[in-house]
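The listed protein sequences correspond, in order, to chains H and Z.
So for the first sequence, the working numbering puts the first residue at 14; every next one is plus one.
So for the second sequence, the working numbering puts the first residue at 14; every next one is plus one.
Quick caveat, the hints were computed from the structure, so don't treat them as lab data.
Just so you know, even glycine gets a beta-carbon here, dropped at the ideal spot from N, CA and C.
Each hint should be verified, as a subset may be incorrect.
Unchecked claim - Far from chain H, by Cβ distances over 10 angstroms, these chain Z residues were calculated:
#, residue
1, P27
2, R32
3, E34
4, A53
5, T54
6, L59
7, V68
8, D103
9, S114
10, Q122
11, R125
Said to hold, decoys possible - Part of the chain Z face toward chain H, derived, beta carbon under 7 angstroms:
#, residue
12, V89
13, F108
14, L116
15, A118
Below, each chain spelled out in residue letters.
2 protein chains.
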Amino acid sequence: MTTETSPRELAHPPRDAIRLEGVLHALSDPMRLRVVCELATAQDDLSCSYFDLPVTKSTTTHHFRVLRESGVIRQVYRGTAKMNGLRRGDLDAQFPGLLDSVLAAAAHQEQRDR
Amino acid sequence: MTTETSPRELAHPPRDAIRLEGVLHALSDPMRLRVVCELATAQDDLSCSYFDLPVTKSTTTHHFRVLRESGVIRQVYRGTAKMNGLRRGDLDAQFPGLLDSVLAAAAHQEQRDR
């Protein structure tokens, strides 16, 4: 028995290590913001391959890693797929109202862009 | 008479050109977030030199430019000083509640960090 993290287990910051600057940075990219908006409306976790982003696979992987390492999403392996879920409870506890206001702002902006 | 902008007049995005991603990026840096929090509580515009940031003068100038170009602050010359004010009305109109939730989150985080 060891305390090492299995390579199949991805590192996540605990709730109280989630930093505002990191969350804002994670949300400041259009692709990452799009992923977060989709996860916010999803009923369940979504695999990385569910998202058809107009960027390379390695860039997609990078975006998901930024989201995970900043504490915005939780990633777990299910078989060979990485499943993604929004850490809504943790974000709401750390920064009440922040995620909702960003999601509302993104929805307003999308509406205006049409 | 020309339509050229005077070099003493700094370029600002109009309200409806302010983008969410740009605002979040501007706010994602600890120094810039600190400037925004101070401007939010100030009664009046503040000069760049008012802020004693632990970075070089050119980095400070860069941070203020990012804030201005993203639409977060308005900068005007008063004599030789650049004066800075938060574009609260424009931000609240574009993204209702966003600025307040970021300011509240920053205050919560600062409290926790103590």
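Structure-based check of each hint:
no. : hint : verdict
1   : P27  : holds, 13 angstroms
2   : R32  : violated, 7 angstroms
3   : E34  : violated, 5 angstroms
4   : A53  : holds, 14 angstroms
5   : T54  : holds, 17 angstroms
6   : L59  : holds, 21 angstroms
7   : V68  : holds, 15 angstroms
8   : D103 : holds, 13 angstroms
9   : S114 : violated, 4 angstroms
10  : Q122 : violated, 5 angstroms
11  : R125 : violated, 7 angstroms
12  : V89  : violated, 26 angstroms
13  : F108 : holds, 4 angstroms
14  : L116 : violated, 10 angstroms
15  : A118 : holds, 4 angstroms
The structure fails hints 2, 3, 9, 10, 11, 12, 14 (numbered hints given earlier, in ascending order).
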